[in-house]
Amino acid sequence: MTIRVVTDSTCDLNSADIERLGIAVVPLNIHFGAEVYRDGLDIGKQEFYERLEQSAVLPRTSQPSVSDFQATYEALAGDTTTEAIVSVHIGGKLSGTINAAQTAARLLAERDDPTPPVHVVDSDQASIGLGFTAMAAAEAVADGADVEAVVGAAEGTARRSRVLLVVDTLEYLQKGGRIGRARAFLGTLLRTKPVLELAAGEIEGIERPRTRQKAIERLFQLTLRTPAPRRIGILHGTTPEEAEALAARVREALPGVPVSVHRCSPVIGVHTGPAAIGAAIERMR
Amino acid sequence: MSETGERPSTVQATERATSSGAALDGADFRRMLAAASAWLDRHADAIDAINVFPVPDGDTGRNMAQTLRAAWEAAGAEPGDSIGDVLRAAADGALLGARGNSGVILSQWMRGLAQGVEGREEADTGLLAEALARASTRAYAAIEEPREGTILSVTRAAATCGPNPDAFTPREALRGAVTRAEEAVARTPQQMPLLAEAGVVDSGAQGLAVVLAGFERGLRDDDLPAPAADFGQIRTEWLVGASPATETGGGFGFCTEFVLSGAGLDLEQLREALDALGDSLVVAGDERLARIHLHTDTPEAAFDASRRFGAVDQCTTDDMDARHAELARRADAAGGEGATVAAVAVASGDGFVQLFRELGAAIVPGGATLNPSAAEILAAARATGAGTVLVLPNDRNVIAAARQAAALAGAEGPELQVVPTESQPAAVTALSMWDRATGGEEAGARMAEAAESVLSGGVTFAARAIERPIALREGQPFAILGREMLAASATPEEALLALIPRMLERWPAEQRGPAELLTLYLGDRDAGPDDLPGDAAEEWLRARVPALAAADVELEVVIGGQPHYPFLVSLE
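Those protein sequence lines, which keep their order, are chains A and B.
All the letters of the first sequence, read from the start, carry residue numbers 1 to 285 under the numbering used here.
All the letters of the second sequence, read from the start, carry residue numbers 1 to 572 under the numbering used here.
Rather than coming from a laboratory, the hints here were simulated on the basis of the structure.
If a hint is listed, it holds; no wrong ones were tucked in.
Chain A is faced by these chain B residues, among others (derived, beta-carbon under 8 Å): (1) Ser432; (2) Met433; (3) Glu516; (4) Glu554.
We put the beta carbon where it would ideally sit given N, CA and C, even for glycine.
Work out the full structure: start from the sequences and follow the hints.
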């Protein structure tokens with residue numbers, strides 16, 4: 001008997017990690033006008049960012065449907081070795097994904113035949129912050145933890161993780177309606193490279209450097225300053241060299257802390273804009 | 001006194017109608033106006049310093065003070081002594097003298113007060129309460145889209161104090177209104193995210209609370225100085241709405257409000273019963289209907305206790321501990337207990353004032369030709385209510401005064417960290433690197449570093465004719481880069497076009513990497529048809545400065561509104 005971990009495509013984990021840890025990923029959707037793509041399945045990252053930069057219309061995103069979750073849960077439930085499902089998702093303040101997951105979980109529980117319980121966890125995170133949460137759950141499963149401990153591992157990691165983000169422009173976050181408490185950051189100055197933090201499920205402004213160089217320097221400092229880092233993920237949209245250079249600096253400054261580089265999934269990219277760069281840090285405590 | 005009995009009865013009536021009595025007459029209201037006008041004058045600058053809403057465009061404190069002064073002067077010129085006559089005159093004066101949005105609302109509020117006592121010789125507590133309610137209605141009606149978290153909320157809070165005419169003197173009722181008003185002021189950052197972001201309360205709201213407090217002072221027995229005389233040190237704790245440093249620790253519980261109805265309510269016993277359950281108790285009403293306000297940890301117990309007296313209705317509880325925890329969390333983020341950090345920038349030009357406020361700084365008006373005094377800088381720093389204040393002088397001639405202010409602050413505080421910015425554009429860059437979660441010293445150091453990384457220049461006019469280092473006629477436009485005088489030109493535009501390529505050449509790319517952003521701040525002048533167009537400045541410049549494209553530099557054009565300099569330029 002085993003516990004299955006489900007997450008969604010905003011987790012930004014690399015496919016190697018997803019396969020190694022046996023995590024099921026439910027895709028969100030990307031809409032370019034009338035065309036709908038399932039994140040990561042129907043549209044790759046490269047293709048997406050090319051279209052994002054060229055497209056006159058800003059793409060929209062939508063959460064997975066209840067039936068998307070039902071299909072995933074039922075497929076896992078159909079495996080007789082599945083003891084329970086732990087489903088960890090992008091924060092409910094950023095996306096309705098968690099609601100669809102909860103509804104699907106309820107519908108599964110209401111079925112007449114016995115089904116494994118589904119534990120839905122709102123991570124209050126996105127991107128690698130969610131990715132770390134899903135990884136922690138899967139790692140706990142691999143360690144033989146029971147379902148409560150797996151949920152506990154996910155919740156603990158979600159709570160101990162922060163996502164810092166430098167966006168090239170607030171335009172995408174604003175148009176996507178995800179600006180949250182950083183709204184007041186929108187002032188007269190248009191050319192800013194704001195440093196934002198996803199905190200308690202909402203986006204908050206930290207600082208608004210006027211040049212990208214200063215912003216990335218600040219991102220680096222804030223990353224190093226986060227106490228007791230367990231692991232760090234550098235995320236980017238269209239600037240792999242910049243992300244690798246930042247990762248190399250972080251590795252040098254924090255030897256022994258695993259630092260990975262991730263390309264933001266299109267759903268995240270729609271909201272941050274193509275040239276975003278960020279860091280997710282999971283603290284040990 | 002032995003003479004009292006010999007006085008005519010009319011004089012006795014007048015005596016009774018003073019601060020200790022049961023009703024207010026016109027003379028009392030004159031005293032109230034005088035005191036409120038003086039009190040508001042004392043607070044005007046401090047109120048101006050928090051003027052962030054709805055657009056940073058005026059001086060709320062000054063505007064309200066001048067409006068109230070007009071009311072006071074008109075009341076003094078009124079020959080009648082009935083409260084109806086005096087208040088009508090005062091309201092007329094306020095309406096004529098109203099300045100700014102807040103002044104207009106204040107004048108409408110006074111008009112409502114006057115209508116509430118129209119035709120009356122004197123006002124008892126009940127009539128005063130009605131007038132306050134009427135004033136609030138009138139203030140709301142004056143605004144097309146009334147919003148909470150503003151002066152309007154304070155008018156309503158003051159009016160909801162609905163005193164029991166039998167239980168309170170007018171002065172006691174006013175004291176209750178002041179308390180409610182101050183509570184409403186403290187709530188404004190929760191109602192207006194913009195205020196919370198700036199870390200202040202609403203200025204107009206605070207202004208009205210000061211007016212009410214002034215009215216109450218006017219009814220005290222002390223000798224009252226004339227307006228503008230010294231009332232002693234003003235309180236400034238309230239200036240920073242989100243500052244938990246001034247909150248007392250723990251035990252707030254819930255701000256609980258409800259209505260109690262019944263027959264023959266014994267309000268005195270009710271007070272006793274509720275007093276044991278919390279603090280800040282207000283019981284207002286009569287034996288049939290009372291409104292209760294209480295801060296308690298156990299709202300349910302308060303409701304239960306009250307049900308012994310009558311029917312409890314319209315219960316609201318506001319979890320103040322949760323609010324307090326949130327405030328404490330923010331304080332921690334700002335560097336620990338009571339260690340709030342604020343910034344003060346010396347500014348000239350509407351655009352810069354707005355920019356600095358958006359970036360979270362309070363303003364000291366002044367600049368190149370209007371250097372603020374050390375006392376003014378210190379006063380602004382103190383008005384922020386923060387433990388540490390970053391001061392951005394923004395002119396070489398102001399840095400010394402800022403340092404002097406830091407020394408003058410002394411043990412009383414706050415601690416002033418002078419970020420020696422020499423120009424307003426450098427201060428914009430410095431403030432853009434302000435992370436509120438860092439302590440004052442680190443924030444100051446980082447801002448200073450950011451300011452130094454900026455290359456600043458500008459175009460201005462020669463104050464007099466000179467020969468060296470460049471030849472200039474009086475009034476001739478020329479460019480200046482750092483402290484170096486560059487190009488004497490026929491027009492400011494010509495000087496600007498000479499300046500920008502020089503700045504790009506001068507940029508120390510080896511040390512700092514390529515320049516990324518050039519910001520042009522347009523000054524306060526009427527541009528002619530051949531001048532740089534404010535609405536299309538970017539295209540205009542890009543077409544004329546090919547070096548901009550060659551250097552791959554972003555361009556931002558901002559209305560700075562600064563005097564004397566048609567253009568200020570920064571490169572970073």
